[in-house]
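Trainee: One-letter residues, chain by chain:
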Amino acid sequence: MPDSSTEAAGVAPLGRQSALSGMIRPGDHGAADYRGPGVTITERHPLSMVQIEARGPEVAVMLEASNAVLGLRPPQAPNTSVGDGHPRILWTGPNRWLVVEPESRDLDTVLQDALIPGGAAVVDLGHGRASLRLSGRSVRQILMKGAGLDWHVRAFTPGMCAQTTMFHLPALIDCRDESTFDIYVARGFAVSFLESVTQAAAEYGYRLG
Amino acid sequence: MIRINCPYCGLRGHDEFSYIGDATKQRPASPADATAAEWHDFVYIRDNPRGPHQEIWQHIQGCRAFVRVLRNTLTHEVLATGLPQDDLLAGASGPAKTEEAKTGEAS
Amino acid sequence: MIFNRRFDQPFRLAEGGEIDRLAPVSFRFDGKTYQGYLGDTLASALLANGVRLVGRSFKYHRPRGIYSAGPEEPNALVELRTGGRHEPNTRATMIELFAGLDARSQNRWPNLLLDVMQLNALLSPVFVAGFYYKTFMGMPGWRFYEHFIRKAAGMGSGTTLSDPDSYDKMHTHCDVLVIGGGPAGIAAALAAGRSGARVMLLEESDALGGRLRSERRNLNGEPAMRWVRGAAAALEALDTVTVMTRTTGFGYYDGNVIAAVERISDHLATPPEHAVRQRLWHIRAGRVVIAAGATERPLVFTGNDRPGVMLASAARTYVNRFAVQPGKAAVVFANNDDCYQTALDLHRAGIEVQAVVDSRPDGHGAAKQQAETAGIECVTGAAVIASHGYLGLNSVDIAPISADGLTVTGPVWQLSCDLLAISGGWSPNVHLHSHAGGRPVYDPGIAAFIPGPSRQAERSAGAGAGTLGLADCLRQGAEVGAEAATLLGFTPPAIEIPTSDEPATGPLKALWRVPGPGKKYVDLQDDVTSSDVELAHREGYISVEHLKRYTTLGMGTDQGKTSNMNGHAIMAEERGDSIEDVGTTMFRPPYNPISLGAIAGRDIGMHFSPTRRSAMHDWHAENGAVFVEAGQWMRPQIYRRDGESDVKADMDRAISREVTETRGGVGMVDVSTLGKIDIQGPDSAEFLNRLYINGWKTLPVGRARYGLMLREDGIVFDDGTTSRVGENRYFMTTTTANAGPVMSHMEEYLQVHWPELNVKVVSVTEQWAAMALAGPKSRDVLAAAVEGLDVSNEALPFMGVRETRIAGVKARVFRISFSGELAYEINVPADHGRAVWERVMAVGAEHGIIPYGTEAMAIMRIEKGHVAGGELDGRTTADDLGLGRMSSSKKEYIGRRMADREGFLDPARPKFVGLVPVDGKSRARVGSVLVADNTMQPPVPMLGHISSSAYLSPTLGHPISLGLVEGGMSRVGETVWAMFPLRDEAIEVRIVDPVFYDKDGERLHA
Amino acid sequence: MAEYSAFNLLRNAISGHKDWRRAWRDPEPKKQYDVIIVGAGGHGLASAFYLAKNHGIRNIAVLEKGYLGGGNTGRNTTIVRSNYMLEENAHFYEKSLQLWEQLSQELNFNVMFSQRGVTNLAHSDNQMDAFARRGNTMRMNGIDAELLDRAQVRREMPYLDFSDNARFPIYGGLKQPRGGTARHDAVAWGLARGADRLGVDIIQNCEVIGFKQKGNRITAVETSRGEIGCERIGFAVAGHTGHLAAKLGMKLPIESHVLQAFVSEPLKTLIDTVVTYGAGHFYVSQSDKGGLVFGGDIDMYNSYAQRGNTPMIEHVVSAGLAMIPSLSRLRILRHWGGIMDMSMDGSPIIGKSPIDNLYLNCGWCYGGFKATPGSGWVFAHTIANDQPHAINAGLTLDRFERGRMVDERGAGPYPNRH
Ligand SMILES: Cc1cc2nc3c(=O)[nH]c(=O)nc-3n(C[C@H](O)[C@H](O)[C@H](O)COP(=O)(O)OP(=O)(O)OC[C@H]3O[C@@H](n4cnc5c(N)ncnc54)[C@H](O)[C@@H]3O)c2cc1C
Ligand SMILES: NC(=O)c1ccc[n+]([C@@H]2O[C@H](COP(=O)([O-])OP(=O)(O)OC[C@H]3O[C@@H](n4cnc5c(N)ncnc54)[C@H](O)[C@@H]3O)[C@@H](O)[C@H]2O)c1
Ligand SMILES: Cc1cc2nc3c(=O)[nH]c(=O)nc-3n(C[C@H](O)[C@H](O)[C@H](O)COP(=O)(O)O)c2cc1C
Ligand SMILES: [Zn+2]
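Chains as they are written, first to last, in our numbering: chain S, 1 to 209; chain D, 1 to 107; chain F, 1 to 1006; chain G, 1 to 418.
It should be emphasised that the hints constitute simulated quantities derived from the structure, not laboratory data. Check before you lean on any hint, since a few could be wrong.
[Said to hold, decoys possible] In silico lysine to aspartate or glutamate, DMTMM-like type, Cα no more than 25 angstroms apart, as pairs:
#1 G:K247 x D:D22
#2 G:K212 x D:D33
#3 G:K247 x D:E38
#4 F:K134 x G:E207
#5 F:K151 x G:E101
#6 F:K697 x D:D33
#7 F:K921 x G:D125
#8 F:K134 x G:D288
#9 G:K268 x F:D165
#10 D:K25 x G:D407
#11 G:K352 x F:D906
#12 G:K251 x D:D22
#13 F:K648 x G:D26
#14 F:K134 x G:D386
#15 F:K891 x D:D33
#16 G:K247 x D:D33
#17 G:K251 x G:E207
#18 G:K65 x D:D47
#19 G:K65 x F:E574
#20 F:K891 x D:E38
#21 F:K151 x G:E156
#22 G:K65 x F:D577
#23 D:K25 x F:D165
#24 D:K25 x G:D398
#25 G:K65 x D:E38
#26 D:K25 x G:E401
#27 F:K810 x S:D106
#28 G:K31 x G:E401
#29 D:K25 x F:E892
Can you build the whole structure from these sequences, using the hints too?
Mentor: Printed below as a string of structure tokens:
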């Protein structure tokens, strides 16, 4: 599984401020039993996120070009994701992917240079979304509270991702390992979303940090 | 919950979709040549069938694709789904598509 | 000491039952303290204490007792708990006893014994079905009478206090869902579960077992509950099986989705910390096995509602499961073999069974014989035709009846008793099957409706399918469970079916109405009598649906669980039609009532709808912003300065200040909420050309243009600026309100109507923080903020767009203006929003920069005559708004061909104008109606209305308004009246040009 | 016809209620009628009643496929009001409200019309402005309206959420004091009884399944009980209009959608008025039986299923608790749906059709209960005179072609957004 400490270790340019800054009170909250909190919630920030999209004959060109520049081919199957996080590529729509990595380079420009000549569209979304990582034994219960997909361990496995509505917000959910999920929501809703997640997690106990 | 088989995302609850409406309405291909009656028909007039209805839903909380859905308006049963341009009645392989739908959840 | 408890509970048996005698529990009913045990329900505990009178009926306020032992209870409804947890109409039979429980009887005044409203009963000959339709029509009017009717109706009372508990929702999926944890459901879950399928088993009560908990029955030669516990353990051991008790599957919806409510904390005084009270489950099931059991029906005879009259199955439940005697001397009355089993169970519990009255000409031999062997007197071909007693039963009248059940054929004799256990047969719980679209069919064999063909992936088993024998229930449960798994591709192994010692039973003989005079209750809760059914028939309300609505049969909290079948059958007899033809009323969810709290879950209070914050939110909050919501966004409306409050005068002062200081110097407003859409691809310009009414093909890179969009019907949809930021790349802005709709609109045309266009669109609203810098000094501020960008008028002209850096951050600068001032919009990636905002504020300090809110922004746009929400009300055309000249006749665009219909060209259409008060000071409010003359009496012909208003234009020094008026600009100079009759205001206003300020645009081009 | 009265009720109480007559007959269909109305909902029955009463036409049949009043008339949230802004609607609904005010006497049947007031809450300045415009327009049209500020709303409805925890604070509201509720079933029954007394044949369990046409006229209807001839024919089948019109090869600017409603367990009076939330889809009133009757938005997709779905119910209940948090422990007793005839501008269509002797009464959306007497009154006029009355002249079928939509919400040609 990816090591979240290295993911978080990107270099933030001056003033880059997360939508959740000041909102995450590190520590244990809610009910807990001897096993400790049921879920740990961390913010992943700063991240680079760039959407790439192509149409018709542009697609094959784009897949090749992204493979060349990222060392990773965007996954063909809908709702799957690939990569260890440096970067990770998530399918987000027909011929559309989101490339995500801890911020360390100007990913937008890298991809523009590589892909635009082939006709693809490249859009920087790195600031438009907030991302939480949820992990722990109760993580699937929290997903069950917020969203209507089948979150059973047999049904939603590592390498699957999905866009759905979670706590009434559009969310992109990426399964990293059996008990770890990365969730992306629109930046403006991040505070509301965090409140919903923590409320839902209270009965299992949760750790923020 | 009506469960709609998004051609990309599989079986999802209808609360992830936004309903657009009758899929059989063809926007006049050549706007200037279309008569007032044709425009009126496109914008305002509906078959409104009781039974199978081809309609467009947008998977707005998912992959944002527009999906054509053949759904029975009397039973709410989804008989088939496809891309916006597919004619679902033409290839009406209802049961087969439903089978596929059963396994399609979140895949 | 524990043993002494028995004497506190005079009707408690010395042994037996599922109660925990080591856990005595004290509780209150109507202010008096009693003792019960853990494992009791409120009903069983009350009975154990000899409390028989627990409620009053809906209409006649008749004394009522405990009638059943389950969710079908029509009588024993109480108000439970206090304060914000107060809960009316709670069935005593479903409340698990907990320490400190506080319940009160309801629908009585001043108290249960002396209910004044029982006078209604004296008037019962008047208060027949539908009496109110026939009277109360004259003076003083229905509103007067209604007041009294409503006082008498309504059962329990509500609360106005907020509920301190919280609720929750969950979604889950399974292969096989089994609803009901009786023998049939358990067998189904075992059969399906052993196949490896994901199985869920829902049971409404606190434990598995169903009727087995209430009966003295053996399975495999041992008490049946031992088998149940073994099966429960076996299910527990299967990791693909989830058993949920205290969970009611209450509705069967489309897509094989079942909704259920889990009562997590209702059996406790209060939920434990962090726990919720109830949880709503959405269960998406591959197949469903409905094993919901059956409900026993009462018999319809005179006085069948007295406290002490009880369903036979309930009497067995009380003695067997709760070790409570529901009476000391009993009569049992039935039309089926239930009476003998009941008599034996009561007899064994030390209750004196005076007689078994079997309405069948001759009762089934074997069962009867058993009872007789036990020394119980059994009468056949007879019926209980009346009951007696004031607040509770003390005797019954028994008489022989004819074989057809229609007449009394012999002398009446009386037996004294305080318990009458009755059974009219069993009605399968076909509710969920019906929700799923199934239509129940009549089975004369059991005189009840059973499930018909299934419409969704479901099948019923056990008593719920009309299979009443225990062995058959088990067999069918296993079979249906296995079938469900098989149909989903699993291979279920055969499971072992335990053998039952249940004796064979004989058939029942339907008896829908016992002969004899007097009121016979069909629906006990709503006081619907057999004569009401007859009256409904006489008056033509003969469809069961009319019957229901005219008499309220089956409309109470129990939804007719014990009454509908009897009522419908009586109607069938009256009509002379078959029961099948008469049919049932519609079954609707929920199966049992469920709390609104559970349905709402966590989506209440502030979480009713999520809120959205811009990147500068915290800065605004720290700097005095008063927020207002706009399409989920929290936006600063004004910024308060020290000492200012939110009283109107202070607010007005702040608004004026923000306008004046911006127009006089420089101000900045957060416009991050505007919709932003990134458009890329070779056909982008063509696409924009089709979307907007104006042309886009000639826009050079680095320039912005204002655009107007119509809906397909020719009405204005949205406006905004779009900039060309690259050869094939554009950046569109939309209004805040339409950000989502415009995005979907564009996607729809690209995916559905014009798939040939190679254009990719994506919302980047959240990616960019946006701020508008406005005022004559804005250029100076911008110059100080940007790095290496020439911002002179020549280098960055009006509608110019440039990329630059501010505070080291990549930024886009657009020279566009909403305020009418020299102005710039700065966009930066959102995580830099606050830092850049602060930087601009810092460099602007020496120029006197201020932040301004949406109010000042609105006033400046009104001064400038820009249209916004008030004008874009979904009914206005481009022409109406004075924007028709933007339209390009050289191309096709959405809405063009519908905008030339006759109604669009009508000269009488109100058109966009400005308005000023003739007296120079009166404020014409938004929503005023424009008329020619302020003296006319209604109906007054209206010329238009005021759509936006600045109660004071700080710039002009007087109020100004925008509006639409018939004749539009052709009437400039004329006066009309702005009428606001809601506040008795009439203001004479003059029609003027809507651009009040800087008509020639010198300031924004400066 | 003074048959129902307190006196007669008492007299009957003594005689065991044996003397009450059938409220309506159950006649066999005749071969031929002057006018056939399809649909025995409130509108169809009111049309027949007023045709007989006001226009002297007595040879009328109302054909009903199920039981009379079993359509939307029997399943709506019973709100009656005339707080419309647009001319075409305002005068029509006001006429209807005036008819409501005398309906019980007119029918000699207590329809329990309860003018307890209807208040729409506002949660923003913009909403207050929109309400002001509507209220002022109403007043200029001679219709009662009051604009309440927050304090006034609080005084009248203290149980609403005025706390800081309210997601959408209450700014005020627009109230129509003459608005209220009526006992929906009684409306159908009273009209049926009234029409029956005037000789109208109400024929239940009689579904119209086809038509006989000659030239541009309908000469007879085919029904599940045989063929029945007619001179003129009016459709008043609400959500089934599209289906019926299709049998004539006619397509309409109408879609059928499902609207849900639900009722709580009965309570002593808690809410003594009708109130609608302005920041979500929710409205509530309390029935005389004590149940809180809740309604919300349509389910958004075409449907003839007469039953709805959980997402909308959950939304409506959330909105309800956002508005009145103390209802949280109250239990919902039953929920159901009805099929709405959603028109393309949200306003009704009452008038002539492209077929010479066919008249249409449809497009009521979620708001046609309040129109019941008015609809019958103008429809009767239109059928009797082959000419709309002045107050339904703007509600024609051809208004879409002519670009004269009556779009009270400004939502455009999207039926599910009205
Ligand atoms: C849940 C809900 C809430 C509502 N709330 C309100 C409200 O608060 N206020 C308000 O003013 N309005 C409300 N409405 C709308 C209102 O109920 C309807 O607009 C109104 O009742 C329509 O009356 P109607 O007589 O036209 O139709 P209906 O009462 O539906 O009558 C039409 C009849 O036609 C019959 N029919 C259909 N096809 C045929 C056929 N082929 N042959 C013979 N008969 C046929 C049907 O069986 C039906 O009985 C609501 C509607 C619903 C469903
Ligand atoms: N003697 C008779 O004539 C007669 C008649 C009826 C039943 N019975 C006996 O009753 C038993 C029937 O067995 P069964 O398993 O079919 O039924 P059951 O009544 O034993 O069990 C049904 C269970 O389903 C639960 N339930 C019902 N609806 C539910 C819902 N919506 N959600 C969650 N739980 C729900 C009930 O609480 C109950 O525990 C057999 O023992 C049978 O012999 C006998
Ligand atoms: C205003 C109103 C009040 C109602 N009150 C009750 C009620 O108290 N009890 C009840 O069971 N149903 C009540 N209903 C619902 C009806 O039972 C029924 O569900 C509805 O008329 C739809 O009919 P259907 O369910 O037969 O399709 C009410 C319906 C309305 C419109
Ligand atoms: Zn999808």
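Trainee: Hint by hint, which ones does this structure get wrong, listed from lowest number up?
Mentor: The structure breaks hints 2, 4, 13, 14, 16, 23, 25, 28; every other hint is satisfied.
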